[in-house]
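Here the protein sequences come in this chain order: A and B. With the first letter of the first sequence counted as 1, position 181 gets the number 181 in this note's numbering; the numbers rise by one all the way through. With the first letter of the second sequence counted as 1, position 148 gets the number 148 in this note's numbering; the numbers rise by one all the way through.
What the hints contain is simulated information worked out from the structure, not anything from laboratory work. Positions of the beta carbon are idealized from the N, C-alpha and C atoms, including for glycine. Zero decoy hints are in this set.
One side of the interface only, derived from the structure: several residues of chain A facing chain B at Cβ under 7 Å:
hint	residue
1	G19
2	K37
3	C55
4	T65
5	Y80
6	C81
7	E115
8	Y118
9	H152
10	N153
11	Q160
12	P168
13	Y181
Residue strings, one per chain:
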Amino acid sequence: MEEQQKNSGSRRDFVRKAGKLIVAAPILALPVILAKKTDAKGYVWQIDPYKCTSCEQCKTACVMTPSAVKCTNAYPMCGYCDFCPGFLRQGAKTYDTAAENQLCPVGAIKRTFVEEPYFEYTIDENLCDGCSKCVKACYNFGNGSLYLQIMHNLCVNCNQCRIARICPSDAVVRVPADEPYMRKELKKV
Amino acid sequence: MKKLKKFNKYIPYIVLGLLLIWHSVLYAQEQRFPRPEFEGDYTFPTHQFLNQRGPMWEYMDVAVLIGALTVASWLALKKRSRQGLIWVSLFSLAYFGFYRQGCICAVGSVQNMSLALFNESYAMPLPALLFFTIPLLFALLSGRVFCAGVCPLGAIQELTGFRKVRVPKNLERVLAMIPFVYLGLAVLFAATESQFLICRYDPFVGIFRIDAPYTMIIFGALLLLVGIFVNRPYCRYLCPYGVLQNIFSRFSVKHLTITPAECRNCRLCESGCPYDAILQSDPVKDREIAEKKWKGSLPYLLMIPVLAAAFAVLLYNLAPALSGVNDNVKLAREIRLEKEQGIKAVSKASVAYYESGRTESELFEQEQQIIGRFRKGAPWVGIFLGLSLGIGFFRLTVRDIRTDYEPDRGRCYSCGKCFKFCPVKINN
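Just chain A, same shape as in the assembly:
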């Protein structure tokens, strides 16, 4: 009896030791396997401006409120139009800078005079909520210099970006963290 128990004890010890080896092997091997597949820099999410269809979902899909997605202006692409379709609402009664004539629902687009007949349009990112109304208008009627970007001082870099999941045109992609923005003026289709 005594011996039997001893035997079973050693058997259990053997199983336990073997199990330890079996379990420990992959966990030690994994870093080796993944060494090639590991990147110290990591990834962040960004919107590819040439894929974006300005569907307005970035505003609500982001886990942050207000959204980490903001509009920016690619100045070298901008026409500096007087009648900026991103700034002025379509069908406004008068073409002036009165609030009811502006397209931006939160008044985040600032218009400053440069010289006749050019105006510079700047986005106040503290106000912008990423609704992309101006982006759509600029794309449809203007040069398409207004575009959306995920601002990384606000983005919490979720493992699965909620906007990426919802985005109908798969425009939200992982980019290397050392180059976190996709500037529209630098990349051409």
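Since the structure of chain A is provided, determine the placement of chain B on it from the hints.
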């Protein structure tokens, strides 16, 4: 004939001319309004894009993780201090939970792992890899100390579990199978680039951020409410990383013990564990019976490969249905439905698809490709599930003979709640 040959010479130039015209048309389309030529000294402002906090901080998280795990191991194994573990929980909840807002976490890193292993285009960030491996290494050394108080999801439940309602053993066994399925599916979905299931249904991240869709908040709040009575419901019945912790902890070098010295079989700790993770010691007369009976478990041993094969076949056949979680497959099905049955596709994805000008054959081919990947991966998930179930059954038939009360190394969270029930004290 001769004339035509002469003409041949000019064809390249004509093509070039056409190309140039086409290019200018393209350019004009893109730039409706020419870039202004300013007379003054206006320069284009450069937009200052701000960066996220530096990568340095992510290694800081790793250092905090290692520190917290070391302290938790020491508290659980050496110091045997429940109070200390509560403090560690509180710290983890504050740091990994509310300060880091639940990201980066070991539970979710399982998916990064799977994505990196099976996809060429994604490389795993080093901190994520460390967050995946370090808690498992610690599980191998000293049991589930990560669950005890370092995981913010565990910590918030640990701190809110006030009452102790026992779940019937059979129900507990059935519910404890859910995490295996969850893990299998999460790995499969991540490997096929379809979903990050674990992150999407993370229960407490909404509470950590105090900002989330209301469904997430409700889910988290419900779990916390249930957790007041049935402690740690997420850890026990959902957590996919807990499955790995469970497996690794079974083979741990050292583990928390209920008693600091020798067990007196006083049975006082029997009701001490809210997770039913205390294995009772066997009465002397049972010990002999158990020794003789082991042959009865042979059929169960043979059943393991059968179950694995059966689940592999089952999952293989489920693969097309499972692939429905992939957005591209969903879109392809919607478009096909529109084509074949005339039901108009109205989702935003289909609108974007029509705008983008992708061809149908492209989309359907992609769908088949994704389903193929599911077919490749699903049987392995099936094998994993079958093996776990089979081994689980087999384990039920084998009686370990215990002379002491000891924690079930797989299920014990090393929370130290049982310490105070043990009357054996060591006098220093």
